[in-house]
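Engineer: This note's numbering numbers the first residue of the sequence shown as 192 and each following residue consecutively.
Because the hints were derived from the structure by calculation, they are not lab data. Take these hints with a grain of salt, some might be off.
What the hints assert, rightly or not - No farther apart than 27 angstroms at their CA atoms in a straight line, the calculated lysine-lysine pairs in the DSSO-like style are these:
{"id": "1", "residue 1": "Lys708", "residue 2": "Lys755"}
{"id": "2", "residue 1": "Lys389", "residue 2": "Lys198"}
{"id": "3", "residue 1": "Lys361", "residue 2": "Lys742"}
{"id": "4", "residue 1": "Lys742", "residue 2": "Lys476"}
{"id": "5", "residue 1": "Lys361", "residue 2": "Lys442"}
{"id": "6", "residue 1": "Lys897", "residue 2": "Lys450"}
{"id": "7", "residue 1": "Lys442", "residue 2": "Lys708"}
{"id": "8", "residue 1": "Lys395", "residue 2": "Lys416"}
{"id": "9", "residue 1": "Lys761", "residue 2": "Lys461"}
{"id": "10", "residue 1": "Lys461", "residue 2": "Lys198"}
{"id": "11", "residue 1": "Lys461", "residue 2": "Lys450"}
{"id": "12", "residue 1": "Lys538", "residue 2": "Lys395"}
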Amino acid sequence: MTYTTAKLTRGYTNTMVSIDLGTRTVATPELAPEVRDYFLGGRALGLYLLHRRVTSRTKPSDPANPLIFSPGPLAGIPQFPGTSKCMAVSLSPLTGVAGVSNFGGHFGAYLKYAGFDALEITGKAPTDVMIVIDGFNRTIAVVDAPAIGEVFDLERAIIERFTREGRERKQIVFLSTGVGASHTTYGCINSHYFDPTKHVDGTKGFFRTKQAGRTGLGTVMIDKKVRAVVVLAEFPHGENPYGAADWEKVKHAGTELGKVVREVDPQSLKMYRKGSAGLIAFMNKEEYQSLPVHNYQLGSDPRAEQITGKYYADHLFDHRGMDGCFPGCNLRCTKGGWVTLRFGEHKGKRVWVDGPEYETAAGFGSNLGMWNAEFIMEANWHCDNYGIDTITVAVMIAFLMECFQRGYLTVDDTEGLELTWGNEEAVLSFIRRIALGETEFARAAGQGMLPLVDWVAARFTSRTGQADPRPELRRFAMQTKGLPFSLYRTHRSLSMQGSYAAASDIGAHHAAAWLIKVDLLGAFPTREDKARALVTYPRVRLGNDNLGLCKLPWVDVFNPLSEKTTSGDKFINPASQELYAQFYNGMLGTAMTWEQIFAQTDRDINLQRVMNVMVYGAETGCHDWIPERAIGPTDDELYAAEGAYNDAEVGRLFGKTAEEVAAMPITARREALMGRRREELAALIRTYYRHRGWNAAGIPAPATLKAVGLWAFLTDEARETITALAG
């Protein structure tokens, strides 16, 4: 179909595109002003569109489950650092509740440039298709797509097709997924964009990728038979091309934040050289013990020096070019490099790997007992090429390795794979088996952590005749709500335990409330402080997701002026928040403080909680918990591994002298420590609920939803459910 677009106005096109694959119909409805102004964009708008499409009976595999892509009003504006983000939203095949995934690259920006604030895909196509939004010819088409299973082969085919049709590479952006998404519940979506600053084989520029990895939305995409979504567009031109209310204010805010990044990052985290993998060194510190080692059993290891950001920066990353995933961002943290593959049908091939990010580096590194940076990059490449989430794959393999360690699995169970710590070949082989669904064991792993626990338990009881081991397995199966943990060991951060348990409604992911670093630095000394942080930090972090912004220029570049804060929380970096407020107000024509801007995020935080209630019902609060392994030592040997610290904690918590603690049997010490930590976490969650205006079961009160203005946007079913359950 053909369409018309209006000029960008205050960051919005005021139009969305809705595609029904079952009927191959395309519509371009207006984005209602009351919806636009309330939900803003990005995650918030995506959740609203999802909420209007689904009921408590809708399953992730149903045709009615939409797959939504939504940037935000501040996305795609290169005059400010970090405006690359877009959100993917759908019901998650991995968790069953609303799934959200944040990704970078150029897709969200180009979707806006082509004329749309959001893309909504419903139905299922009978054969493999590709959606093409052509912003030059103003056409939208659903066309047949090649059934190419590997992402980077598909990438080449798409580029060749559209360059043959006369498009320049810089005018082409697209999303894809791979064969692994069709055999798992945790398929990832790759976001492809052209980087003109890199060179290969005498050619200037090549395509790079970012991922929407979490919650399995690539599986939704391939289940709908969508192999790719292509947008053809270019940057707007002219003075004030994004329709800002005050273009000079926007440019000034961007200049000031760019200056902070330029002056601070080289003196602090050095993201421009290390990328996010630089975080490994901090988490690995002896006093923090927060880098997961061997399935979160331990929190540091001296061998981590071999996989730190410094190692990648010195030996593997290619520093030529800008390494920003969108123009205008001088943080330049999108690192990558070349490796020669050592495994599989591509063995011996030299490939470019985007990453690894911290999560992947820790997941395939320390958590599996792997201390080989090139192995980590190869595992990263295979997952991207197959279209599966690196975090989920790595954390599930760590669980299986511990099952192997503790005798719950044998080589016969794992179909010949020696899943022992440090076994690189076994891991790479297993990634391939999972992606292709080759064996019973691989297919069980493809279903996600909770079904995998059931499979391991069934094999164990069948083989040994012993009692059902699931209660024990669940103690170290690192997931919440079915979503495997992102890579932070939380023994020494109660705030992060609360984040994984209750503040992140998609499951155990750090996007909503990444509090571990500032918590380890002593930012939240009391329970009330921690509970307030579980409210205030998600407002900012998820608020950035609504606006189309990357969090890293804010969270990882500490503005020196924030040190002068005399009231409030200096760790939330208020001096930089002021610059974000200038950007927002300059674009939208408002006059709001940064606190007021980000307080609007309470709307979609409550909406996502309502959607969880629609699935979990009265049991909603029961799902706000984490495995025992995330709380503390699950056996005496692990207690002894950090004995001095744990003994000191027992003495502090129970008012005992060092001699009195030493006189206690180690099991008694461990059980006392774990019991008190469980109590502290439960108390924090209750306090968090109170700050949110939710009841003791974690269900929002109707008064809370009305106070934030959300009640009028809920479906009749949602209002009836909340009224019945809120008490």
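Engineer: Would the pair Lys361 and Lys742 pass a check requiring their Cα atoms to be no farther apart than 27 angstroms?
Structural biologist: Given that 27 angstroms is the threshold and the Cα spacing comes to 25 angstroms, the pair holds.
Engineer: Would the hint linking Lys389 and Lys198 be met if the CA-CA limit is 27 angstroms?
Structural biologist: Given that 27 angstroms is the threshold and the Cα spacing comes to 32 angstroms, the pair is violated.
Engineer: Would you check the hint for Lys395 and Lys416, treating anything up to 27 angstroms between C-alpha atoms as holding?
Structural biologist: Violated, at about 33 angstroms.
Engineer: For a C-alpha distance cap of 27 angstroms, please report whether Lys538 and Lys395 respect it.
Structural biologist: Distance of about 26 angstroms is within 27 angstroms: holds.
Engineer: Are the Cα positions of Lys461 and Lys198 separated by 27 angstroms at most?
Structural biologist: Outside the cut-off at roughly 39 angstroms; violated.
Engineer: Mind checking the alpha carbons of Lys761 and Lys461 for me, to see if they're no more than 27 angstroms apart?
Structural biologist: 21 angstroms, holds
Engineer: Regarding the pair Lys442 and Lys708, is the alpha-carbon distance no greater than 27 angstroms?
Structural biologist: 31 angstroms, violated
Engineer: Is Lys361 within 27 angstroms of Lys442, Cα to Cα?
Structural biologist: 24 angstroms, holds
Engineer: Please work out if Lys461 and Lys450 have their alpha carbons no farther apart than 27 angstroms.
Structural biologist: 15 angstroms, holds
Engineer: Mind checking the alpha carbons of Lys897 and Lys450 for me, to see if they're no more than 27 angstroms apart?
Structural biologist: Outside the cut-off at roughly 41 angstroms; violated.
Engineer: Check whether the Cα positions of Lys742 and Lys476 lie no farther apart than 27 angstroms.
Structural biologist: At roughly 24 angstroms apart (the allowed maximum being 27 angstroms), Lys476 and Lys742 satisfy the hint.
Engineer: Decide if the proposed pair is consistent with the structure: Lys708 and Lys755, CA atoms, cutoff 27 angstroms inclusive.
Structural biologist: With Cα atoms ~20 angstroms apart, Lys708 and Lys755 stay inside 27 angstroms; holds.
Going down the numbered hints, you'll see the structure goes against 2, 6, 7, 8, 10, while the others check out.
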